[in-house]
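Student: Protein chains in written order, with this note's numbering: chain Z, 543 to 767; chain H, 11 to 251; chain L, 7 to 239; chain Y, 49 to 99.
Simulated from the structure, these hints should not be mistaken for laboratory data. Be careful, since some hints might not be right.
Derived, one-sided and incomplete: chain L residues facing chain H with beta-carbon distance under 8 Å [what the hints assert, rightly or not]:
id, residue
1, E145
2, K231
3, R234
Beyond 12 Å from chain H on every Cβ pair, some chain L residues (computed) [what the hints assert, rightly or not]:
id, residue
4, L22
5, S147
6, T232
Here are the computed lysine-lysine pairs in the DSS-like style, where the Cα-Cα straight-line distance is at most 25 Å [said to hold, decoys possible]:
id, chain 1, residue 1, chain 2, residue 2
7, L, K16, Y, K74
8, Y, K95, L, K231
9, L, K81, L, K16
10, L, K110, L, K231
11, L, K231, Y, K74
12, Y, K74, L, K81
13, L, K16, Z, K700
14, H, K224, Y, K95
15, Z, K544, H, K121
16, Z, K700, L, K81
17, L, K231, H, K224
18, H, K191, H, K121
19, Z, K544, L, K231
20, L, K16, L, K110
21, H, K121, H, K196
Just so it is clear, the structure is predicted and the values come from calculations on it, not from any experiment. Where a beta carbon is used, it is the ideal one built from N, C-alpha and C, also for glycine.
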Amino acid sequence: MKLLRQTYLLLRKDLVLELRRRESLLTMFFFGTLLLFVFHFAFDLVPEKVTEMTPALLWLAFLFTGTLGLTQLFEAERTNHCLDALLLSPMDRGALFLAKTCFNIILMVAVEIVVVPLFWILFNLRSWEAVPLLLGVAFLGTIGFCVLGTLLSGVTLKARARELLLPLVLFPLMVPVILATIRCMEAILRNGNMGDALPWLRLLLGFDVIFVTVGILIFDWTIDV
Amino acid sequence: MPSGLALQLTARDLSKAYGLRWALRDLNLDLVPGECVALLGPNGAGKTTLLKLLAGLIYPTRGDIRLNGVQLSRSSTELRSTIGFLTPGEHLYENLTVRENLDFFTALYNKNHSLVAIARALEEVELTNWSQEYVSALSSGMKFRLSIAKWQLLEVGLLLLDEPYGVLDGSGINLLEAFLKSQCEKGNVVVIASHHIARVLQLCTRALILHLGKLTFDEPRRQPWDSFERAFADFLPHGGP
Amino acid sequence: MQATVPKNRKGYLGALALILVIVGLYWGLIHAPPDAYQGNAQRIMYLHIPSILTAYLSFFLVFVGSCLYLWKREKRDDILAHSAAEIGVLFTALTIVEGSIWGKPTWGVWWTWDARLTLTAILLLIFVGYLMLRSLIEEESRAASAAAILGIIGFLDIPLIHMSVYWWRTLHQPPSILRPDKAPWDNIHPAMLTALAINFVAFILLYFYLLSLRFRLGEMTEEIKTRRMDRGR
Amino acid sequence: MSSWGYVFLAYGIVWSTLLLYLFSLKRRFRRAQREVAQLSSAEELQKHAQK
Numbered sequence: 543m544k545l546l547r548q549t550y551l552l553l554r555k556d557l558v559l560e561l562r563r564r565e566s567l568l569t570m571f572f573f574g575t576l577l578l579f580v581f582h583f584a585f586d587l588v589p590e591k592v593t594e595m596t597p598a599l600l601w602l603a604f605l606f607t608g609t610l611g612l613t614q615l616f617e618a619e620r621t622n623h624c625l626d627a628l629l630l631s632p633m634d635r636g637a638l639f640l641a642k643t644c645f646n647i648i649l650m651v652a653v654e655i656v657v658v659p660l661f662w663i664l665f666n667l668r669s670w671e672a673v674p675l676l677l678g679v680a681f682l683g684t685i686g687f688c689v690l691g692t693l694l695s696g697v698t699l700k701a702r703a704r705e706l707l708l709p710l711v712l713f714p715l716m717v718p719v720i721l722a723t724i725r726c727m728e729a730i731l732r733n734g735n736m737g738d739a740l741p742w743l744r745l746l747l748g749f750d751v752i753f754v755t756v757g758i759l760i761f762d763w764t765i766d767v
Numbered sequence: 011m012p013s014g015l016a017l018q019l020t021a022r023d024l025s026k027a028y029g030l031r032w033a034l035r036d037l038n039l040d041l042v043p044g045e046c047v048a049l050l051g052p053n054g055a056g057k058t059t060l061l062k063l064l065a066g067l068i069y070p071t072r073g074d075i076r077l078n079g080v081q082l083s084r085s086s087t088e089l090r091s092t093i094g095f096l097t098p099g100e101h102l103y104e105n106l107t108v109r110e111n112l113d114f115f116t117a118l119y120n121k122n123h124s125l126v127a128i129a130r131a132l133e134e135v136e137l138t139n140w141s142q143e144y145v146s147a148l149s150s151g152m153k154f155r156l157s158i159a160k161w162q163l164l165e166v167g168l169l170l171l172d173e174p175y176g177v178l179d180g181s182g183i184n185l186l187e188a189f190l191k192s193q194c195e196k197g198n199v200v201v202i203a204s205h206h207i208a209r210v211l212q213l214c215t216r217a218l219i220l221h222l223g224k225l226t227f228d229e230p231r232r233q234p235w236d237s238f239e240r241a242f243a244d245f246l247p248h249g250g251p
Numbered sequence: 007m008q009a010t011v012p013k014n015r016k017g018y019l020g021a022l023a024l025i026l027v028i029v030g031l032y033w034g035l036i037h038a039p040p041d042a043y044q045g046n047a048q049r050i051m052y053l054h055i056p057s058i059l060t061a062y063l064s065f066f067l068v069f070v071g072s073c074l075y076l077w078k079r080e081k082r083d084d085i086l087a088h089s090a091a092e093i094g095v096l097f098t099a100l101t102i103v104e105g106s107i108w109g110k111p112t113w114g115v116w117w118t119w120d121a122r123l124t125l126t127a128i129l130l131l132i133f134v135g136y137l138m139l140r141s142l143i144e145e146e147s148r149a150a151s152a153a154a155i156l157g158i159i160g161f162l163d164i165p166l167i168h169m170s171v172y173w174w175r176t177l178h179q180p181p182s183i184l185r186p187d188k189a190p191w192d193n194i195h196p197a198m199l200t201a202l203a204i205n206f207v208a209f210i211l212l213y214f215y216l217l218s219l220r221f222r223l224g225e226m227t228e229e230i231k232t233r234r235m236d237r238g239r
Numbered sequence: 049m050s051s052w053g054y055v056f057l058a059y060g061i062v063w064s065t066l067l068l069y070l071f072s073l074k075r076r077f078r079r080a081q082r083e084v085a086q087l088s089s090a091e092e093l094q095k096h097a098q099k
């Protein structure tokens, strides 16, 4: 279908650009690990409390790292007015939205896959078997974050103080994702499976589905003047 | 709508305002296939605004633009495959190589050109041995030649150019004019906004003069063109082609 | 663009709103009996419930205005969204102030992470972001469409925020009898109910009066802009 | 502070801010009206000048 073909095209272009310059990936990765150390010193956690605080610490680190990625999202399009080149072409605006969202998801997942095991080692946690399920929930949360983040990064593209405005506008809207992801992660850490956090998981899935569809429909007005 | 098809463009009382200023007011324009139109006028007359409106990059505050009767609007993605916008040094990804840029845009415009076709296009603009270089390594003249190759491959029905002559050397200018002539012969419409009146007048079949957002002159070219000289004289102190 | 409330009808709306506010004050402060548990502090409810509902109403209007603007691109709808957002932020801020003042006598603290207060705070943040976004984009039409998108996203997100905050709340804080956000109409004295009803209608009328004034102001600034543009030709 | 104190505090803050907002709206409203009048009179002048 045309939408998917164009999304693949744009995504491949973004990935080639990123692998060639490796700006966002490296900065996001080091920022993620930096946050772990900062949290460790800031909270000075006694071992028992660590497992209880892990979801919040992890998810906050991912959220701020993701925001870094979002502010860089349309950088490639900024030089030589390449955004105009894309708007000029018979490109479906929804494809640009999907490509940019997937791009930021890939970056964040790459960071998460490295940061979570690192977190386990640094805080020498025992529950290694929970890590895969944890990454799965983090993935769902990342989708919600990137979908809304890409939408709002398009909205604030032409605003002054864009980097400050984006988090200010984005974070209040992220409350459902933040609460849902952290509750699910806690449930996984406590008793190994989703258990009583199932309604939170449904909320997270609902959030993702709603805003992916809204994004594809509405991105047209976001990016065009 | 295959791009080679003859393209009829009509603009009816086209107006565009930026905040408190009218950049363009009540402009009526009809372009027929094969026309090569020179868009002249002092800075800030609204030339770039008109080009962006025709390209569908910005939308009019009043009035509309129709391509073959179909209105150019936000949702007309199909229509956009027939519109090209060529500005020196723009619409190219700096960190992609010359080849990757061409591959990306030809795929985006759904043009499945063979490798041979792309190689031939590069050869025509003498960029063959630069094809693996990054665009950022190219000089502005070479970037412009790459844009020519790009739009040649994308086969658009309407080609808009904004100040093309600024960056070109001798051979570049011949290349550009040969390219534009071939586009007009193929029945495409070309609109060039420029300050190089001498060169652009020889090329064009029709001249438009924009002043303070209003179309003050619109006539096909003919040899003793005294009406053009009169109209253009009051803009430039030295006046005349 | 003259399809607005003519001058005199706005005057009636203002006068009617004023009368109802005074009657509401009388009922709320004097006529209705004090609450069995909270005593007179409970009278703040006659402010709190109406202003929350007015805030929700204004965010709904922002949503409607935003959708209409994106669809038909008419300046009028953008002015409606902007006016509704401005007044909505004002009412939300007031709601939070009332909520915390009401919390002091009932729970002894100015701020508790009670579900409704948190939700109102998040709404305030979203729509302060809305007004900030609008002020930080220079170009008129871009600011309008960016704000419209945020207006729509913000409104669509409210039910999700609502659910997540309430689940989060019921998880941590078992429902206590003294909670100010106990549904007011289950075992309530009829006089209180009427007081609440009067105040509610008073708030709605006041809201629409302010909205029509702000809307008219928005239209006039727009008119001044277009006139100055034409004259500047 | 007695419970009545809180009630008056809440009512006081709410109604004073609303009144303040109403006055600021009225002030902006009057300033806009004056500008419109000024512009329309300037336009009349222009029309007379052209006639």
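Student: Of the numbered hints stated previously, which ones are contradicted by the structure, given in increasing order?
Tutor: 5, 6, 10, 13, 19 and 20
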